[in-house]
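**Q** Sequence:
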Amino acid sequence: MAIEHKTFRVSGMHCASCTARVEEAVAALDGVSQVAVSLEPGLARVAFDIAHVTPARIAAAIGALGYTAEEKQLEGQAALDREQALRQAEIDRQRRWMLVAWPLAAVIMAGTFRDYWILPAVVPEWLGRPFTLFVMATPVVLGPGWQFFVQSARGLRRGVTDMNLLYATGIGAAYLIGVLNTFFPRAGFGGEKAIFYESAVLLTAFIILGKYLEALTRGRTSEAIRKLMRLQPTVARVVRDGEEREVPADEVAAGDIVCVRPGERIAVDGVVQDGYSAVDESMLTGESLPVEKQAGSTVMGGTLNKTGAFRFRATQVGSETALAQIIRLVEDAQASKAPIQKLADWVAGHFILGVHALALAVFAFWFLVGYRLFFDPASSFILSPGTLGEIGVFGFALLLSITVLVISCPCAVGMATPSAMMAGTGKGAEHGVLFKGADAIEAATRIDTVVLDKTGTLTRGEPSVTDVLPVPGIHEAELLRWAAIAEVASEHPLGEAIVRAARERAVTADRPESFEGIPGHGVEAVWEGRKILLGTRRLMSLRGIDTAAHEDRLRALESEGKTAMLVAVDGHLAGIVACADTLKPFAREAVAALKRLGLSTAILTGDNHRTADAIARQVGIDRVLAEVLPDQKVAEIERLQAEGRRVAMVGDGINDAPALARADLGVAIGSGTDVAKETGHVILIKE
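For my numbering, add 2 to where a residue sits in the sequence shown, where the first one is 1.
Treat the hints as calculated values from the structure; they're not laboratory data.
Keep in mind it's a predicted model, so treat the numbers as computed, not measured.
Any given hint might turn out to be false.
List time: in silico PhoX-like cross-link candidates among lysine-lysine, alpha-carbon distance up to 20 Å [unchecked claim]:
1) LYS74 / LYS8
2) LYS586 / LYS597
3) LYS74 / LYS229
Construct all of the structure, not just a fragment, from the sequences and the given hints.
**A** This is how it looks when you write it as structure tokens:
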């Protein structure tokens, strides 16, 4: 059985009832083993046996419900920009409707309740007349509110009872009673004062406000994808027919020779053919230091070439590159549905039918037995038979059933949740914590495991000099000066760290008379006639310099995750300079605080085991998962979730984005990449 996984973009869905309907239709197809439909960003992820069902048949099943479905391909920037333009148009539309609904709602409220408080002194009598209120309410109900009637009718044609049906029946019922009592005041629908225009208009205004806020927040998931796609170069220089030509990056084919210059992003994945450079791969692998590349090394699309120029042969292009796979992982994680969400969707899917059934039950009860049981026909109650008018008990029962529909419109819930969220997010913002939604606040209360990225989260994300260890007879400042002179002309990050350390310690570093970088080994410089070497054991060995006496010290530094560099002057060893990606302030305190809360902690990083273990020891984390690629990070998060854990992922890089999206709670560092911040559920502004 060949199981395939496809993602379909579904348009036309409005609420959880729509997603439930699509899931039921697709799941009913023979050969479909799994389906998850997400309202935002409007995706259906389907696992199916290609021998029994085709993608076209799945799309047709969704289309039969009245929605539009198409198989989703890896989209370009232009497609996402078009989607953003459509979302902006929706925001503008709801804003215009708000400008219509809210001013009229305020005037109608004043007219309806003009007999109360100080309103008689400021509101003219004619403003409270039923016909005046009818004239003002009609543009609201048939203007901004008309969309709910149209969408509910479309839903009924598809066999879907969504929230638009509840909106339409609630608004329509309140408006209808107002019209009847305006033109047929003796009909008996609640008495002469029961006009209900204010209910219809306020329902419309509040729902429009909710639609506007929803339109503002929707699309943030695609913003994360958009930022990832900006990492992809638009052009590449390819060697064809012996000439170097610029071509669109998406036209690069496997086997093409691609040229890369310093400061450029690499277009696709491949293998270096010739040249030498250092490439910043931190956005994909989490490796804090640029990785040296030479013939035979692999390079990944979207990474940044730092120093030299080289040529590579393209091996993975288009949707097969590492960056494209990360984009796909982020999309899949954002479209996935937590188990609790399935329960919420089921409840929401049955809520509308339940409310209408309850309204019918209320009508039947009060029409058949309720009124006679609870009200004395001779009472002075405003709706007693003596004052019911022409409709009598029927009108009373109908009024109560319509009241059920009106109060069931989720305005209170819709406004209560944002209000609570505003209070919680406001307090969080005071402490440098930004919650991107109420679901993030709720998820945070259930977390029992915190997984932390290393580079940029626990550490600063750039190398710093940690140790300056001179041999006897040489001062520390003198050793640092030799090292800085050797590296002052270098563009390597380790060299920059040494020069920066010298500057911070007021150590002068003159420019050497000559400088040579030795790929993979170090540098050689001449200053005032003295030859300075800085680099690896191998470099010292090639120059006949014995380092055996310092081997224990070198191993000790390396066991701490540091990069140890030997310095020699005129053929004699002068000492060791070590660099490392150092801890951020309060990293230890933060991990200790998590442990005091009873939370389990772990490091999840693409960096090497030695460095990750060293950082874990320093901050007090017992569990280390190192050399983990982005897709493996997602798998690790899913494995923890399969154990029943509620997982929070803390990260700052592009390589963390899929794991941040997949975790129960994604926490992005404010100084990190835009992609991480867009994908995370929580952003830490302060470090």
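**Q** Could you grab the alpha-carbon distance between LYS586 and LYS597 and see if it respects the 20 Å cut-off?
**A** 18 Å, holds
**Q** Please verify whether LYS74 and LYS8 have alpha carbons no more than 20 Å apart.
**A** 8 Å, holds
**Q** Could you grab the alpha-carbon distance between LYS74 and LYS229 and see if it respects the 20 Å cut-off?
**A** Distance ~19 Å between LYS74 and LYS229 Cα, so the pair holds.
Violated hints are absent here; each numbered hint is respected by the structure.
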